[in-house]
Amino acid sequence: MLPAGLVRFLTEIAEVTRFTTKFFREILRPRFEFAEFLRQCFFIGYKSLGLVAITAFIMGLVITIQSRPTLVEFGAEAWLPKMVSVSLVREIAPVITALICAGKIGSGIGAELGSMKVTEQIDAMEVSGTNPYKYLVVTRVMATILMIPILAVLADAVSLYGAYLGSNIRGVVSWDLYWNQVFATLTYSDIMPSILKTFFFGFAIGIIGCYQGFNSKKGTEGVGRSANAAVVISSLLVFIIDLIAVQITDLAGLT
Amino acid sequence: MANQTSKNIRLGAMVIAGTALLIIALYVIGDKQNLFGSTFRISAYFQNVNGLMVGHNVRFDGIDVGTVKNIEIINDTTVKVDMAIELESQKFIHKNALASIGTDGLMGNKLVNITPTGVPSPQVEEGDILKTSEPLEADDALRTLTQTNADIAVIVSNLRTFTDQMSSPNSVWSVLTDTAASENIKAILVNIKQTSSYTALVAAELNAIVSDVQSGKGTLGALITDSTIATELNQTAANIQLISDSLVYFTADLQSISDRLLSGEGTLSTLLNDTTLAVNLTETIQSARNGASDFEESMKALQDNFLVRHYFKKKNKMLEKERKHID
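Just so you know, the sequences run in chain order X and H.
Heads up: the first sequence at position 29 corresponds to 29 in this note's numbering, and the numbers run straight through without jumps.
Heads up: the second sequence at position 232 corresponds to 1232 in this note's numbering, and the numbers run straight through without jumps.
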């Protein structure tokens, strides 16, 4: 007989998979809750913008300042914009955005749906004839899928601006030269995979948050646990997806 | 509802900003790689492209003007490289420009360099094939290096025989290894060192003297610098020599004379020492004076004498004539 922990884990995986396939089934059905989708987009996208922008700005600045000494050692200070822009666009900005959103949105969705589940609002919805999955899950997951990439693009821009300021703290790189170097360095193979993977980040954050909220245990403790689990699991998934994305881009010869 | 609209507007602004940024970035990157804008294609056949890849830059006069679009192998010694070049650069590139494969910096990306030859030629057109100059190949360098190595081997073997001969007992080496010889050489060297230091001192003094002399300081200087003085002095010295020689004899004579004078020998001594002689001499002189006055009287009487009177008259007339002539 399998150990109880493993059984629980496999059951959980199966539940998540069923939950996810249900999302694809439901999204193809007509009657898309567009107003609710926009509302969720506003909360998920617009409300996270400030946080994401600040984080991205600081990351750009810090990465630049941290990279400088090593490059100076090689006498390759002029390569600072090139190196920093590649690392920011390819990896740091998307992942930071996804992690921030996993923390902010994942926990928010988990707690919101969890409390709805605990207070039996979801059951009430089902009774009243509204498809709770379609109204609550599909809109939120669609919102995260679409908002995280946009946040990531904005984070790219803000972090590159931060890197520009970082380059000019000790050295001198003119505005024109900086952007010239950045865009001369970046290629489609840098931007496309990094934007593409943010869709998957968004999907993971949304679906895990919704799943944890939908399957919240009874009581306020259950709500807290589902919010916490949403953050932990979606953060972990972000890294796992990142790993897979790197493998795929590497295999495709885009690195 | 108004609240919802304002939220939607803000959301829309954010989404537009995000997508616009993405599109701008994609456009700028594409523009850098000449994906947009009008380009024309030219090709070049290389023997070896040294790892050049599609997408690498094409530089003309060091400026990025295009990208490599296609690389295909034509046959075992020819690789065709197609390049997309900006239309704006077309008027600057001529048909006889040379394409070569280079590297951006020491370890940067490969790139195709198009170099103008400077010889007039029509401008390049779509589908033209540029001449190429082959890049420096590592193989060629190694081949040259192999030849160099063979030469070095010969040189080294020669050097070895030479050193062997050098180290044999009957060679210069034995002199070099002889300790006594080295001691002697050391002593010699010490002596030479001392001598040379003395020489240096002497030379310095000599130098000072010579410089003084040259500048005309001191007698010697004057002597050397003034040639007339030198000759005069020479003569003077010779004269002095003569005088001093004569003086020696003269003083010797004077000595003997004074001796004889003192001893009363000879006429002068008698004259000096005998007082009666002086009196006699005075009388003699007196009588001689008297004789002379007598002679004068006799002569006057003679002038009046008829025998010789004519002579004297004639003489007086001539004297008078001369005087008139002068006046």
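Calculated from the structure, these hints are not laboratory results.
It is possible that part of the hints are untrue.
As the list claims (entries may be wrong) - Calculated lysine-lysine pairs in the BS3-like style (CA-CA distance at most 25 Å, straight line):
1) K1007/H x K1069/H
2) K82/X x K1321/H
3) K1110/H x K82/X
4) K47/X x K1007/H
5) K82/X x K1095/H
6) K134/X x K217/X
7) K1321/H x K1300/H
8) K1007/H x K104/X
9) K134/X x K1321/H
10) K1110/H x K1080/H
11) K1324/H x K1217/H
12) K1217/H x K1186/H
13) K47/X x K82/X
14) K1095/H x K1080/H
15) K217/X x K104/X
Do the alpha carbons of K47/X and K82/X lie within 25 Å of each other, as the hint requires? 31 Å, violated
Does K1321/H pair with K1300/H here, judged by a C-alpha cut-off of 25 Å? Given that 25 Å is the threshold and the Cα spacing comes to 23 Å, the pair holds.
If you draw a straight line from the CA of K82/X to the CA of K1095/H, is it 25 Å or shorter? With a Cα-Cα distance of about 35 Å, the restraint between K82/X and K1095/H is violated, given a limit of 25 Å.
Holds or violated: K217/X and K104/X, Cα atoms, limit 25 Å. 21 Å, holds
Is the straight-line distance between the alpha-carbon of K1217/H and that of K1186/H 25 Å or less? Answer violated: K1217/H to K1186/H is near 43 Å, above 25 Å.
If you draw a straight line from the CA of K134/X to the CA of K1321/H, is it 25 Å or shorter? Between K134/X and K1321/H the Cα gap is close to 183 Å, so the pair fails against 25 Å, i.e. violated.
Need the status of pair K82/X, K1321/H: alpha-carbon distance at most 25 Å? Given that 25 Å is the threshold and the Cα spacing comes to 140 Å, the pair is violated.
Hint check: K134/X vs K217/X, CA-CA at most 25 Å. Holds or violated? Distance ~21 Å between K134/X and K217/X Cα, so the pair holds.
Against the 25 Å threshold, does the CA-CA distance of K47/X and K1007/H hold or violate the hint? Roughly 10 Å separates the two Cα atoms, so the pair holds.
Starting from K1007/H, check that the Cα of K104/X is at most 25 Å away, please. Between K1007/H and K104/X the Cα gap is close to 19 Å, so the pair holds against 25 Å.
Below or equal to 25 Å on CA atoms is what counts here, so check K1095/H against K1080/H. Distance ~17 Å between K1095/H and K1080/H Cα, so the pair holds.
Would you mind confirming whether the straight-line C-alpha gap from K1110/H to K82/X stays at or under 25 Å? 17 Å, holds
Taken one by one, the earlier hints fail for this structure at numbers 1, 2, 5, 9, 11, 12, 13, listed in ascending order.
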